[in-house]
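A.B. asks: 55 is the number that numbering that gives the first Met the number 0 gives to position 56 of the sequence shown; each next residue is one higher, with no gaps.
Check before you lean on any hint, since a few could be wrong.
[As the list claims (entries may be wrong)] Quick list of simulated restraints, FRET-style, between CB atoms:
1) 113 <-> 213: 22 to 32 angstroms
2) 214 <-> 178: 19 to 29 angstroms
3) 44 <-> 199: 19 to 29 angstroms
4) 204 <-> 176: 49 to 59 angstroms
5) 209 <-> 145: 30 to 40 angstroms
6) 32 <-> 213: 52 to 62 angstroms
7) 149 <-> 180: 31 to 41 angstroms
8) 30 <-> 152: 49 to 59 angstroms
9) 208 <-> 50: 23 to 33 angstroms
10) 97 <-> 172: 39 to 49 angstroms
11) 33 <-> 221: 39 to 49 angstroms
12) 153 <-> 126: 36 to 46 angstroms
13) 203 <-> 37: 54 to 64 angstroms
Derived from the structure by calculation, the hints contain no laboratory data.
Keep in mind the model is a prediction, meaning the values are calculated, not measured.
All residues carry an ideal CB built from backbone N, CA and C; glycine is no exception.
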Amino acid sequence: MTYHGFAAVLAVLCVGSTLDAQVGHNPQTSPYRDLVESHEITLFSGYYLARHDPAGVVPQRGPMAGALYQWRPSGPANLNFSVARVSSERDVLDPERNSTCTPTVANCKSIGTFRWPLYLFDAGFAMSLTGARSFYRLVPELKLGLGLASDFHTEPDVGDFAFGTRFAFTWGAGIRWLPGGRYQVRADLLNHLYSVKYPDTYFQLAPDNSTILNATKSRSTWLNNPGFTIGLSYLFSR
Numbered sequence: 000m001t002y003h004g005f006a007a008v009l010a011v012l013c014v015g016s017t018l019d020a021q022v023g024h025n026p027q028t029s030p031y032r033d034l035v036e037s038h039e040i041t042l043f044s045g046y047y048l049a050r051h052d053p054a055g056v057v058p059q060r061g062p063m064a065g066a067l068y069q070w071r072p073s074g075p076a077n078l079n080f081s082v083a084r085v086s087s088e089r090d091v092l093d094p095e096r097n098s099t100c101t102p103t104v105a106n107c108k109s110i111g112t113f114r115w116p117l118y119l120f121d122a123g124f125a126m127s128l129t130g131a132r133s134f135y136r137l138v139p140e141l142k143l144g145l146g147l148a149s150d151f152h153t154e155p156d157v158g159d160f161a162f163g164t165r166f167a168f169t170w171g172a173g174i175r176w177l178p179g180g181r182y183q184v185r186a187d188l189l190n191h192l193y194s195v196k197y198p199d200t201y202f203q204l205a206p207d208n209s210t211i212l213n214a215t216k217s218r219s220t221w222l223n224n225p226g227f228t229i230g231l232s233y234l235f236s237r
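All chains should be modelled from the sequences, with the hints used to inform the complete structure.
C.D. replies: In structure tokens:
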């Protein structure tokens, strides 16, 4: 056999070995399944674990519900858009109140706790860790994006504080279970990071020389707010 003939045979053997390695499993017994549909709409509910801020005035933790749209343009890449409502409450503080009161309450400068829904609007990118396939019908994902958090209040409260609308950085992870057909179940953990800025009134002296925040406190703070959701999805568009 000539050198060129030997090289040709060796190339064929290598290609055959490579193909065998790529296949790995009989299609009937393989744990992998191709993802057929490229679009999904999910209705979800869960809980939003809002972090307590130094002044205690931002919207607090509470149950949440919303909808998610996700599109897989190709391969493991997914684009998603979601909107959610958090059934939250928040304390409203009056900086001019004295720091002592009778009967004693948690915060004497509080004029009350009010229902204060929080709305989350997110757009992001999700990377499937199993590519364009499921593994034993599961698809784990890593998520990253940007969004808005808003209470839709345009005027500050009596203490001159306003949460308003603020940008949020989001990241997290999720897992999808595809039992077959047009439906799937998914669970997601998504963190919202946004900043809060306090008004000057929170640092000014009340008649009893008390303040909501002392001068050593920062006038702004960043808060991590994770949320956990479980949803039911409808899959469509092959």
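A.B. asks: Take a look at whether the Cβ-Cβ distance between residue 153 and residue 126 falls inside 36 to 46 angstroms.
C.D. replies: holds, 37 angstroms
A.B. asks: Evaluate the given range 31 to 41 angstroms for the C-beta pair formed by residue 149 and residue 180.
C.D. replies: holds, 37 angstroms
A.B. asks: If you check the beta carbons of residue 209 and residue 145, does the distance land in 30 to 40 angstroms?
C.D. replies: holds, 39 angstroms
A.B. asks: Can the suggested window of 39 to 49 angstroms be confirmed for the beta-carbon pair residue 33 and residue 221?
C.D. replies: Distance hint for residue 33, residue 221 holds at roughly 41 angstroms.
A.B. asks: Confirm or reject the claim that residue 203 and residue 37 have a C-beta distance inside 54 to 64 angstroms.
C.D. replies: holds, 56 angstroms
A.B. asks: Taking 19 to 29 angstroms as the hint, is the beta-carbon distance of residue 214 and residue 178 inside that range?
C.D. replies: violated, 58 angstroms
A.B. asks: Looking only at beta-carbon atoms, does the pair residue 30, residue 152 fall within the given range of 49 to 59 angstroms?
C.D. replies: holds, 50 angstroms
A.B. asks: Could you say whether the range 19 to 29 angstroms given as a hint is met by the Cβ separation of residue 44 and residue 199?
C.D. replies: violated, 39 angstroms
A.B. asks: Between residue 113 and residue 213, does the beta-carbon spacing fit 22 to 32 angstroms?
C.D. replies: Once the Cβ atoms are compared, 26 angstroms apart, the range 22 to 32 angstroms for residue 213 and residue 113 holds.
A.B. asks: Hint says 49 to 59 angstroms; check whether the CB-CB distance for residue 204 and residue 176 agrees.
C.D. replies: Distance hint for residue 204, residue 176 holds at roughly 57 angstroms.
A.B. asks: Go ahead and decide if the range 23 to 33 angstroms is satisfied by the Cβ distance of residue 208 to residue 50.
C.D. replies: holds, 30 angstroms
A.B. asks: Looking only at beta-carbon atoms, does the pair residue 32, residue 213 fall within the given range of 52 to 62 angstroms?
C.D. replies: holds, 59 angstroms
Checked against the numbered hints above, the structure breaks hints 2 and 3 and satisfies the rest.
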